[in-house]
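**Q** Please build the complex by placing chain B on the supplied structure of chain A, with the hints as guidance.
The listed protein sequences derive, respectively, from chains A and B. Okay, so the first sequence: first residue is 1 according to our numbering, each after it adds one. Okay, so the second sequence: first residue is 1001 according to our numbering, each after it adds one.
No lab work stands behind these hints: they were computed from the structure. Since no wrong hints were added, every one of them can be taken at face value.
These stretches of chain B come out as covered by chain A in the derived footprint (C-beta under 8 angstroms, 3 or more residues):
# : segment
1 : 1035-1044
2 : 1048-1058
3 : 1103-1110
Just so you know, even glycine gets a beta-carbon here, dropped at the ideal spot from N, CA and C.
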Amino acid sequence: GNSVTQMEGPVTLSEEAFLTINCTYTATGYPSLFWYVQYPGEGLQLLLKATKADDKGSNKGFEATYRKETTSFHLEKGSVQVSDSAVYFCALSMRGAGGTSYGKLTFGQGTILTVHP
Amino acid sequence: NAGVTQTPKFRILKIGQSMTLQCTQDMNHNYMYWYRQDPGMGLKLIYYSVGAGITDKGEVPNGYNVSRSTTEDFPLRLELAAPSQTSVYFCASREVLAGADSEQFFGPGTRLTVL
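Bound conformation, chain A alone (with noise of 0.2 angstroms):
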């Protein structure tokens, strides 16, 4: 089946750090790969998507690459706030035949990352 792995966390960082967090897959076929974010108290919310090999997904200083040779998409921000202490998953779903998706995602751990100031 599909999964999604996750670098083990928590993370925690000084404020200006530069952020990576390592995500890997195995899928059978070319998934959709997302990065969701959950704050504290709240549910989660999309932060970045790509939809095939070697596009880049970018979203408030946020980017990842979907790298098929690695099947991998590492989530990276070259400069953290403490407005960015939160949980993030990594997550993929597929499309079945024809090309239709039913949007069913597989999410990895999540990584919780604390940054201090």
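**A** Then chain B, alone, in the frame of chain A:
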């Protein structure tokens, strides 16, 4: 728009009790989903629906039932609650865009404890 709303926010059940978790969205999305999030784990799909009257099982459907009588509502029913169903439950909805994987919008979650 309120987006996706869930009730209740918190609930404690005794083993063997039943309850319904409510989920409503006001974005006219056809697709809706129920996930559960166990501590230190990612979310797992319980059930999903592609439109009113159409539902299907996800990865972990045992012990749950769903119905979808309207576009807006997608309640999740727990029968005979067990400690293994202690979790945080998230409802989500999605607009269907041809040829694209669109964003899922999540509710704030229901934290359920079964004792």
